[in-house]
Amino acid sequence: MTSPLVCVKRVVDATSEVVLTEDGQGVDGRFAGFTTSAHEECAVELAVRIAADGGAATVMTLGDDDAVEQLRAALAVGCAAATHVVADPQAFGPADVAREIAAVVRDHEAAGTPHELVLLGNDAADTGDFQVGIRLAYELGWPVVNGVSSVTVADGDVTAVGAGPDGHETYRLPLPAVVTVLEGGVEPRYPSVPGRMKAKKAPIEERRPTADPVGTSRVRLVLPPPSPSTVQVLGEGPASAPAVVDLFEQLGVLAR
Amino acid sequence: MIVVLVEVTPAGEVVKTSREAMTFARDLAAAGGGVPVDAVVVGRPDDALVGALASCGARRVHALTGPAYDSFSGAAWAAGLMEVRERAGAVVLTAAGTSRGNEVLAHVAARAGLPMAANVVSFSSLSPFTVTRQVVGGAALEEMSLAQRPAIFSLAGHAVEASPAPTAGAGELVVETPDVADADLVARVVSTEEPEPDLSGTLKSARVVVGAGRGAGSADGFDDLLELAELLDASLGVSRVVTSLGWRPHHEQVGQTGSRISPDLYIPCGISGAIQHWAGCSSAKTILAINTDPDAPMVTKATHAVIGDLHEIIPAVNAEIRRRRG
Chain E
4 MTSPLVCVKR VVDATSEVVL TEDGQGVDGR FAGFTTSAHE ECAVELAVRI AADGGAATVM
64 TLGDDDAVEQ LRAALAVGCA AATHVVADPQ AFGPADVARE IAAVVRDHEA AGTPHELVLL
124 GNDAADTGDF QVGIRLAYEL GWPVVNGVSS VTVADGDVTA VGAGPDGHET YRLPLPAVVT
184 VLEGGVEPRY PSVPGRMKAK KAPIEERRPT ADPVGTSRVR LVLPPPSPST VQVLGEGPAS
244 APAVVDLFEQ LGVLAR
Chain S
6 MIVVLVEVTP AGEVVKTSRE AMTFARDLAA AGGGVPVDAV VVGRPDDALV GALASCGARR
66 VHALTGPAYD SFSGAAWAAG LMEVRERAGA VVLTAAGTSR GNEVLAHVAA RAGLPMAANV
126 VSFSSLSPFT VTRQVVGGAA LEEMSLAQRP AIFSLAGHAV EASPAPTAGA GELVVETPDV
186 ADADLVARVV STEEPEPDLS GTLKSARVVV GAGRGAGSAD GFDDLLELAE LLDASLGVSR
246 VVTSLGWRPH HEQVGQTGSR ISPDLYIPCG ISGAIQHWAG CSSAKTILAI NTDPDAPMVT
306 KATHAVIGDL HEIIPAVNAE IRRRRG
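Quick note, the sequences are listed as chains E and S, same order.
In our numbering, each number is its position in the first sequence, counted from 1, plus 3.
In our numbering, each number is its position in the second sequence, counted from 1, plus 5.
There could be a bad hint or two in this list.
[Unchecked claim] SDA-like, lysine to any residue: derived pairs with alpha carbons at most 20 Å apart:
1) S:Lys306 to E:Thr233
2) S:Lys209 to S:Pro254
3) S:Lys21 to E:Thr233
4) S:Lys290 to S:Val180
5) S:Lys306 to E:Leu254
6) S:Lys21 to S:Arg212
7) S:Lys290 to E:Arg192
8) S:Lys306 to E:Ser232
9) S:Lys290 to E:Glu208
10) S:Lys209 to E:Val256
11) S:Lys306 to E:Thr18
12) S:Lys306 to E:Ser230
13) S:Lys290 to E:Ser232
14) S:Lys21 to S:Pro72
[Claimed, not checked] If you want the footprint, here are the derived chain E segments under chain S, 3+ residues with CB under 8 Å:
15) 49-63
16) 67-74
17) 177-189
18) 232-242
Everything labelled a hint here was simulated from the structure, so no lab data went into it.
Even glycine gets a Cβ: it sits at the ideal position worked out from N, Cα and C.
Taking the hints into account, I'd like the entire structure generated from these sequences.
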């Protein structure tokens, strides 16, 4: 029986244009769509599969009031409980977030609902810090496996597989452990209608941060300079085929 | 002094992104008044590798050896890196922003209680040390201050072009056998399987990549594209929507959460060019976009473009190639 904790973050959907706030300290949410990052959707899916052995998956986030949407999305696909650390995520640096997750792990253990495994995304889609999971592991004194796409639990051991530089790498270690997930190993399920209904009504544990954040070392955000288009249009439709193949010849990619 | 964690291929060559990190470190060292740059490798390097690192500017090559380094463990690599850093008194610790590089540096940062900046593209000031790094998948840049020492950061792939040092470093080999605690070896790789052929490895190293996005239309819409790939001896790369819809396998995905490619020629067909995809293909030398929408970001950012339906254009291109080859 395994009861993992899976951590998600409400992030801007960067498939649309990103607009910054006037002070350059963040992304202007008024012009953005929000989502859960792909890595974390896969982490949720893995948590739900792992908890199918009779345990229960808990989802948590640190975010503003709107981040409840990301918790309910995870509840709708099979997480059994949700914890919301209500705080302005932009004020929290990676070390702050790790400390808050560790506090949730300790408090849940003290309350008799321990987590032997914490799953996170490998990196947040917005801040891209690549370190919260690892800092969390040091906070808890647990081992950490990073950047894997498949995670299974059996007989108190976690087995995790990911793509390394020289092939598929397997890690096997006893629980408890922290594991950070990359998308690609599992297909996140779609919420069912009863799942969505249940998620709407599910109670969410609300809590405040345990300490004032140290914050980030951010000076400001800037948008990359727009590069003027220098595209050379070779033509339209199939009639452009000779011009395309001329280009291949020029670049020397046609030679056999 | 600057310490660079360098990754090495199984064939004993310096990984390209690590050569970029050495280049960036040299630029930073020069700006700092010519402080030395040392490289750290895992395992005992042969003379050729030490020579290659010297030509990248390494004063010393520290080799982490011992049973703890037989297979990968982020914590063990970090322990070794910290030992080198402490003895040498390094003020900067850096690596390529690969999965290994980011992981090991994050371990170091957590152990030292210091900030870490991932995927840096440039530095703008030495005092206070300020770097610029990619965030939101490259849609925005963050200026970040790294005032504490050592400053810990990884370098985004292709942020600089790798070049040999104008004057080679001495390349003195220092074999290290750090003490590694058992706790640092709990999470270590227990087995590595050879990647299956034709998985993302060939995509990443391909000279030509044919790309396909939503415009392919369905799982059956790839025949002409695959034929073009075969004619050009190219790999097929796809956008995230294609793998999400289950049309093609994930290992063919190009982008922020797929492979980052840098071919001589990339031919994205029916790919609008969302920032996440661009993050994976922007270092292609030449980009020929084929798209029905002349205003698609992929078209405006490309070097060359053809406007129209890939299902009409690609068969015509394939026929033209076959005709010229007789």
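To see whether the hints hold, each was checked on the structure:
With a C-alpha separation of about 7 Å, the suggested pairing of S:Lys306 with E:Thr233 holds against the 20 Å cut-off. At most 20 Å may separate the alpha-carbon atoms for a hinted pair to count; S:Lys209 and S:Pro254 meet this at roughly 15 Å. Between S:Lys21 and E:Thr233, the direct Cα distance comes to roughly 28 Å. Violation of the 20 Å bound is thereby established for this hinted pair. This hinted pair does not check out: S:Lys290 and S:Val180 have alpha carbons roughly 39 Å apart, beyond 20 Å.
In summary, the hint linking S:Lys306 to E:Leu254 is supported, as the alpha carbons are separated by about 19 Å, within the 20 Å threshold. Distance hint between S:Lys21 and S:Arg212 is fulfilled; the C-alpha atoms sit about 15 Å from each other, no more than 20 Å. For the hint pairing S:Lys290 with E:Arg192, the CA-to-CA distance comes to about 38 Å; that exceeds 20 Å, so the pair is violated. With a C-alpha separation of about 6 Å, the suggested pair S:Lys306 and E:Ser232 falls inside the 20 Å cut-off, and the hint holds.
At roughly 51 Å between alpha-carbon atoms, S:Lys290 and E:Glu208 are farther apart than 20 Å, so this suggested pair is violated. This hinted pair checks out: S:Lys209 and E:Val256 have alpha carbons roughly 17 Å apart, not beyond 20 Å. Simply put, S:Lys306 and E:Thr18 have alpha-carbon atoms about 16 Å apart, close enough for the 20 Å limit, and the pair holds. Using a Cα cut-off of 20 Å, the hinted pair S:Lys306 and E:Ser230 holds, with the two alpha carbons roughly 8 Å apart.
The straight-line distance between the Cα atoms of S:Lys290 and E:Ser232 is roughly 15 Å, inside the 20 Å bound, and the hint therefore holds. The straight-line distance between the Cα atoms of S:Lys21 and S:Pro72 is roughly 27 Å, outside the 20 Å bound, and the hint therefore fails. By the rule of at least three residues with a Cβ nearer than 8 Å to a Cβ of chain S, the coverage given for the segment 49-63 of chain E is violated, with 0 such residues. Judged by the Cβ-Cβ criterion of 8 Å, the segment 67-74 of chain E is not covered by chain S as claimed, because only 0 of its residues qualify and three are needed.
Remark: the segment 177-189 of chain E is confirmed as covered by chain S, as 5 of its residues place a Cβ nearer than 8 Å to a Cβ of that chain, reaching the required three. Remark: the segment 232-242 of chain E is confirmed as covered by chain S, as 11 of its residues place a Cβ nearer than 8 Å to a Cβ of that chain, reaching the required three.
In summary, the numbered hints that this structure violates are 3, 4, 7, 9, 14, 15, 16.
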